[in-house]
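Asks: Input sequences plus hints: build the corresponding full structure.
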Amino acid sequence: MPTDIILLGHGSGGKLSHQLLDDLIIPTLSGVALKDQNDAAILTAPSHHGRLAFTTDSYVVDPIFFPGGNIGDLAINGTVNDLAMSGARPFAISVGLILEEGLPFAELRRILESMRVAASQAGVSIVTGDTKVVPKGKADKIFINTAGIGILDHSFILTGSGAKPGDKILINGTIGDHGMAILAKREGLDLDSDICSDCAPLNGLVEDILAAGGDAVHVLRDPTRGGVATTLKEIARQSGTDLLLNETELPVKREVNGVCSILGLDPLYVANEGKLLCIVSAEKSGDVLAAMHSHPYGREAAVIGEVTGIGSARLSLRTAIGGLRSIEMLSGEQLPRIC
Amino acid sequence: MISDNAYRDPQVARRYLDKLASLTAGLTTPITLMEVCGTHTMAIYQHGIRSLLPPAIRLVSGPGCPVCVTPLSYIDRAIALVRRPDTLIATFGDMVRVPGSSSSLIHEQATGGQVRIVYSTLDALVLARKNPDKKVIFLGVGFETTAPTIAGALIAARREGLNNFFVLCAHKTMPVPMAALTADPQLNIDGYLCPAHVSAIIGANAYRFLAEDRGIPCVVTGFEPLDILQGIDMAIAQILSGQARVDIQYCRFVKPEGNLKAQHLLKEVFEPCDAEWRGLGNIPASGLRLAPAFEAFDAEKALPVAVEPLREHTGCRCGEILKGQIAPRQCPLFRTVCTPENPVGACMVSSEGTCAAEYKYGD
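Line order of the protein sequences matches chains A and B.
Under this note's numbering, read the first sequence as residues 1 to 339, first letter to last.
Under this note's numbering, read the second sequence as residues 1001 to 1363, first letter to last.
These aren't lab readings, by the way, just hints derived from the structure by calculation.
Glycine included, every Cβ here is placed at the ideal spot set by N, Cα and C.
Do not take every clue at face value.
Said to hold, decoys possible - Just a sample of chain A residues kept apart from chain B, beta carbon distances all over 10 Å, derived:
hint, residue
1, Q19
2, T308
3, S326
To be verified - The calculated DSS-like cross-link candidates involving lysine-lysine, where the alpha carbons are at most 25 Å apart (straight line), are:
hint, chain 1, residue 1, chain 2, residue 2
4, A, K35, A, K168
5, A, K141, B, K1130
6, B, K1130, A, K136
Stated by the list, open to error - Sample of chain A residues facing chain B (criterion: CB under 10 Å; computed from the structure):
hint, residue
7, T44
8, T248
9, G322
Replies: Structural data, given as structure tokens:
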């Protein structure tokens, strides 16, 4: 009997599993997924260079559809970006789906279509995958794990420990968009806002940054969970340097700022999914900023601060009125205000 | 951009700071101003205002964080209530992490207790309608800013005959504890920056007895950095000229008489009562309880539970911090035992708590 929702049998490995794969998953991912249905994907090792990057991440976002994206493109872009931040060119990706019994096919199709578009935009192939179904209530609609392999075509070393005194801190656009888009959509928060997630693949932008900055680019990091504050604090700790941000230079959308202040949140701690922090020598920072500005995902790029010296891993903020305060890592979850 | 804001203009800020520096240049003892409201505490840290003020102006934080002043016994009662199989606790976020005598709501949630974080009292009403088999208990904590929304929810609940909605009431009111602090000789408060939102409800006239009877200058101050600097400037001007009155810096929202409609709502649903403040003890007529007509919604009366014996945390100095007697760093637990991840006292939990602010933004 034809069905339009996921049944436990779709994860059985039997006939229904094959139907799901042949009728929905493979055709929807057409163009970016390998058709061979063997136990493992056979990849041709890139012979010209010895370095590979390998990463994995799991996606459990709620709600699964949100303004500006869904769990599907998030799962592709997140892993693509993790590879890109190490300077790697994303090459192959795996997709593991954990589906809750009862998930409508239509929703799964929308998610898979977004994955196809995202993979195609990032120029990455989905080379292997897996689907499991769990009984209703044992998962929340859909969880996705992706793992990715990338190739390093260059000898630059990008690491959080690479920040050096005098370096500039750049970001490719407005902060906090993803987290606030998700929060505004959550049940219980009846906010009518136009905030969209910034979910995007950043590997193209990274290529342009490295072409413009070369080995003067010392650190690339995507400020996802914990936001810009937490990521920069990690970099300060790894490199043993002190960092200073300028509040007036931080790009924050007016509506993101507005919703943050209603809820008592600080945009510096709100998650991003299409942003990168780039720490680059002062001499090359102009070239890198120009390269970012000419890329679609870097139009609102800005220099937001600098590495002030070797020190005790302090991250400070020069406030708009000229005050100075320190910034700590996010503790627990951000919670709404009470009065 | 964050800076795209007239209330954060660095040139104007500089003018105020220069003026304050020259006004206080010859002083041998510093002037102590207390910011009463937790949102002020947070804003002062967030904008780095202490780092800009001349040394002769000392800002101390007061008992204006509603989560922080809520006594341990209240948290223990909420925990006892959530352990009943038929209850669901609805609360603003910060309350879930406040440690009780032996547990916290977030711990109870992880072990099966029904706790929902809501952003407004009306969301708690929605939960009650959606869960007719549960007794939905809203944690009524906060000052005169929060209380009118709870009054509105209770009036709505009574109108629609909702009999599974309850409030565990620990509301506090503002001017009375300020008088108690003024009387404390250890504190030496020279002036108050009065709360902004609370004053929008109760009106600036509510503080007149502090100025007129106790001789303490009061300035109702807004939350933006320039509001705070101007508020400080207005307070210093009163102090240096030997005057004491209630000035309204935050005149774009606060009127002398306040919001009469909200005051009327409060009178309909609540009545004044003595209240227990963490750190300050029992203060007569400083709280609100449900009026007899709304007693059926009172969780404490309608849902009896056995509450565990009170066990204060040894070493925690939240009480002195709430009175502005010591700064967070003077507490031996600060940053060592007591952190936002593992808070001992409420001041480290709440987003408006002095210890949380010092931990997050301090040097």
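Asks: Compare the structure with each hint and give your call.
Replies: Hints, verified against the model:
With 10 Å as the threshold on Cβ separation, the claim that Q19 of chain A sits away from chain B holds: the shortest Cβ distance comes to roughly 37 Å. The beta carbon of T308 of chain A sits about 15 Å from the closest Cβ of chain B, which is more than 10 Å, so the claim that it is off the interface holds. For S326 of chain A, the condition that its CB be more than 10 Å from all CB atoms of chain B is violated, with the nearest at approximately 6 Å. Between K35 of chain A and K168 of chain A, the direct Cα distance comes to roughly 45 Å. Violation of the 25 Å bound is thereby established for this hinted pair.
Annotation: proposed proximity of K141 of chain A to K1130 of chain B holds, straight-line Cα distance about 21 Å (limit 25 Å). Taking the CA atoms of K1130 of chain B and K136 of chain A, the gap is about 21 Å. The hint holds against a cut of 25 Å. Restraint check, T44 of chain A versus chain B: the minimum CB separation of about 47 Å is more than 10 Å; hint violated. For T248 of chain A, the shortest C-beta to C-beta distance to chain B is roughly 4 Å, which falls under 10 Å, so the interface hint holds.
Taking 10 Å as the C-beta contact cut-off toward chain B, the hint placing G322 of chain A at the interface holds, the least distance being around 5 Å.
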